[in-house]
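Number of protein chains: 2
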Amino acid sequence: MKRLLKMSRKEVEEKLVKLGKKILSEIESGKNPSIDIPIRSLSNIVFDEKTKLLKLGDKTAKRYFFNVAQAKSFMQTLLVASFCRDIVKEDIHTSIRDMYYNLKRTLPNSEENTFDEQAESDPIIVDLETSLGVLREQLHLIADRKGVVAGNVVIEDRGDEIDWSKLGSGGWSIPSAVEDIKFKKVKADFLLIIEKNAGFERLHEDKFWKKYNCILIGTGGQPARGTRRLIKRLVLEHNLPAYVMTDSDSYGWYIYSVIKSGSMALAHASDDLGTPSVKFIGLTISDIEKYGLQKSTIKATEQDLKRAKELLEYPWLDHKEWKREIKLMLQKKIKAEIEALSARGLKFLSEVYLPEKLEKKEFLP
Amino acid sequence: MKRLLKMSRKEVEEKLVKLGKKILSEIESGKNPSIDIPIRSLSNIVFDEKTKLLKLGDKTAKRYFFNVAQAKSFMQTLLVASFCRDIVKEDIHTSIRDMYYNLKRTLPNSEENTFDEQAESDPIIVDLETSLGVLREQLHLIADRKGVVAGNVVIEDRGDEIDWSKLGSGGWSIPSAVEDIKFKKVKADFLLIIEKNAGFERLHEDKFWKKYNCILIGTGGQPARGTRRLIKRLVLEHNLPAYVMTDSDSYGWYIYSVIKSGSMALAHASDDLGTPSVKFIGLTISDIEKYGLQKSTIKATEQDLKRAKELLEYPWLDHKEWKREIKLMLQKKIKAEIEALSARGLKFLSEVYLPEKLEKKEFLP
Chain A
1 MKRLLKMSRK
11 EVEEKLVKLG
21 KKILSEIESG
31 KNPSIDIPIR
41 SLSNIVFDEK
51 TKLLKLGDKT
61 AKRYFFNVAQ
71 AKSFMQTLLV
81 ASFCRDIVKE
91 DIHTSIRDMY
101 YNLKRTLPNS
111 EENTFDEQAE
121 SDPIIVDLET
131 SLGVLREQLH
141 LIADRKGVVA
151 GNVVIEDRGD
161 EIDWSKLGSG
171 GWSIPSAVED
181 IKFKKVKADF
191 LLIIEKNAGF
201 ERLHEDKFWK
211 KYNCILIGTG
221 GQPARGTRRL
231 IKRLVLEHNL
241 PAYVMTDSDS
251 YGWYIYSVIK
261 SGSMALAHAS
271 DDLGTPSVKF
281 IGLTISDIEK
291 YGLQKSTIKA
301 TEQDLKRAKE
311 LLEYPWLDHK
321 EWKREIKLML
331 QKKIKAEIEA
341 LSARGLKFLS
351 EVYLPEKLEK
361 KEFLP
Chain B
1 MKRLLKMSRK
11 EVEEKLVKLG
21 KKILSEIESG
31 KNPSIDIPIR
41 SLSNIVFDEK
51 TKLLKLGDKT
61 AKRYFFNVAQ
71 AKSFMQTLLV
81 ASFCRDIVKE
91 DIHTSIRDMY
101 YNLKRTLPNS
111 EENTFDEQAE
121 SDPIIVDLET
131 SLGVLREQLH
141 LIADRKGVVA
151 GNVVIEDRGD
161 EIDWSKLGSG
171 GWSIPSAVED
181 IKFKKVKADF
191 LLIIEKNAGF
201 ERLHEDKFWK
211 KYNCILIGTG
221 GQPARGTRRL
231 IKRLVLEHNL
241 PAYVMTDSDS
251 YGWYIYSVIK
261 SGSMALAHAS
271 DDLGTPSVKF
281 IGLTISDIEK
291 YGLQKSTIKA
301 TEQDLKRAKE
311 LLEYPWLDHK
321 EWKREIKLML
331 QKKIKAEIEA
341 LSARGLKFLS
351 EVYLPEKLEK
361 KEFLP
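Respectively, the protein sequence lines represent chains A and B.
By this note's numbering, the letter at position 274 of the first sequence is numbered 274, and the numbering carries on one by one without gaps.
By this note's numbering, the letter at position 136 of the second sequence is numbered 136, and the numbering carries on one by one without gaps.
Hints listed in this document are in silico derivations from the structure and should not be mistaken for laboratory results.
Quick caveat, the model's predicted, so the values are computed rather than measured.
Wrong hints could be hidden among the right ones.
Same chains, same label: a pair holds when it works inside one copy or across any pair of copies.
Straight-line alpha carbon distances no greater than 25 angstroms define the calculated DSS-like cross-link-like pairs of lysine-lysine that follow [to be verified]: (1) 182 x 210; (2) 360 x 279; (3) 89 x 299; (4) 347 x 361; (5) 295 x 72; (6) 207 x 166; (7) 72 x 210; (8) 327 x 184; (9) 55 x 166; (10) 187 x 62; (11) 10 x 347; (12) 184 x 166; (13) 187 x 166; (14) 347 x 89; (15) 210 x 89; (16) 166 x 185; (17) 210 x 357.
Could you put together the complete structure from these sequences and hints?
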């Protein structure tokens, strides 16, 4: 799949209109109207060794109008497509929940609702994304926002010039769609992505991004799509290395894996959201001994260990360094949070741990 | 209790030092060292009719060193106080989790830990806050951040001048402590506080804050302390009216109640976090009929109804308008989300609903 997001608003609208016209012409010529939709089940998700990204395979299924089992979802697909065409045309964005409410209604002379709950409209959006080869951001549907960024970067967004180095203690709240942002000035040697908001605040207060000339991104847990896309754009368009810091546990490592290779659920969007060149700076299980954090570990739960075993099977974590760390965790049955480094002092993260890792280039692939 | 947050860093440090000196002098004069700590149980939480805020009453308890049941928490209190003194002096901020890790250790020649889990250190922080009459932000302990703001306001923060009207689609990410922010220019007629991030993005995209000359704040659910404090400061220091928009359900109304009158858990901080003058702009249960949203409601759960009954008992919601709304909910057993307004069109919120409410001054007290 080619770089999806280079498409203009006009082109996205045309894709939607084209879909509508195809259906119309099928109706007019007496055919059973249908839409081709890529299959998203596990059987059609592959790890692309070349790009190092999780991707959808080639299998598709047809959704027909004249098919008792498919008529409703066919109708729903067209409703969502028509809705998206309208908001793309009007150039407004909305949340997937707002869309659900907007489209929900009872069909005339029936007791049938277009949608009964949001769980019905959400997958239809992905159907459209994959079927048309566009992303929901391009359909003007937004996901929740939660990331924050600071650094020596000036951007232009909706006519405003925003200097990420001059936002005080706050930082710039990363919106759900970052496609229209223009980078005016990017003076940074690398990206540092940190899972915890508290870690972001600590490093931000120490002006770590200034001292080490980097862009600091706080994801607040699993990064939102906007944040993942921003990482990808900065890395790709400005050729920057990026390092990810998470808790030393299966969930933290999974966050890293999603930033790097994409996720199963969003396999169709990996090209735009996954950044294979990112490296893992910490926390590792080896760090616990190395930095004397033994007293600050937490006992791993059954769930942690189960997840760790799953990580062992991921082809994109198939490196001896990762295998060693994951096995170490399984063997010691412990985990540790970023905050554990505070046992060594509150500035240990910014003044010792990170500088040492960066200096020695001690990263996991 | 007087306005806590007017205290300087120096004064906060002195309070901590004074506590230490008091203990020292008690030891030197052979007394049993003790600390007075206000009681925070329900029996000592009162609704102050004059200020319209939830507050702590006058009851205090003494915590002694020579008391088998209290020796450990006495030790913990001094550890936290000493930690806070250090970070206040060094002028660095940290999260309560980092503090826990920093202070956790095994006492020499024993198997006793200073703290076994964070659930032990968290209440000690509140003990100190109430005992010294300072807030955790002043002790340089930060809570999680999550709010976002946009509007015609220029602030100064850590030497940066930040224009909230020039942050593109992003907005300013509200930090956990907003005490040191200086308002350089505040050109706004009112504050509009909205519970949902999606609602914030929608209104932000429509430049609602520009059209109606207001400051737009997105809380992302129950507002973080930093966001509540920012609301209070803007309202108080710039004499602005503030309107809150939440879902039409017990949880949304509870969020409103917390912004307005404070919460039980933070009764000691109401003076600084609660803003009694805020008004409720919507969503109400009456709105459902008024705006034809009947098809977009959700069935209220048992939990919703139980909470609604609790709200009926709150003295700070003891207004006939609120009673009517809550009873209407209990009777119809329904609730509705802000997004339900999208059933009437995506711009219905920004172009019809809010303008009408503002025009007619249709607010709940």
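Do the hints match the structure? See the list:
| no. | hint | result |
| --- | --- | --- |
| 1 | 182 x 210 | both (22 angstroms within a copy, 23 angstroms between copies) |
| 2 | 360 x 279 | within (14 angstroms within a copy, 56 angstroms between copies) |
| 3 | 89 x 299 | neither (53 angstroms within a copy, 35 angstroms between copies) |
| 4 | 347 x 361 | within (20 angstroms within a copy, 51 angstroms between copies) |
| 5 | 295 x 72 | between (57 angstroms within a copy, 19 angstroms between copies) |
| 6 | 207 x 166 | both (11 angstroms within a copy, 23 angstroms between copies) |
| 7 | 72 x 210 | neither (55 angstroms within a copy, 42 angstroms between copies) |
| 8 | 327 x 184 | neither (44 angstroms within a copy, 55 angstroms between copies) |
| 9 | 55 x 166 | neither (38 angstroms within a copy, 38 angstroms between copies) |
| 10 | 187 x 62 | neither (48 angstroms within a copy, 56 angstroms between copies) |
| 11 | 10 x 347 | between (50 angstroms within a copy, 22 angstroms between copies) |
| 12 | 184 x 166 | both (15 angstroms within a copy, 15 angstroms between copies) |
| 13 | 187 x 166 | both (14 angstroms within a copy, 21 angstroms between copies) |
| 14 | 347 x 89 | between (50 angstroms within a copy, 14 angstroms between copies) |
| 15 | 210 x 89 | between (41 angstroms within a copy, 23 angstroms between copies) |
| 16 | 166 x 185 | both (13 angstroms within a copy, 17 angstroms between copies) |
| 17 | 210 x 357 | within (17 angstroms within a copy, 46 angstroms between copies) |
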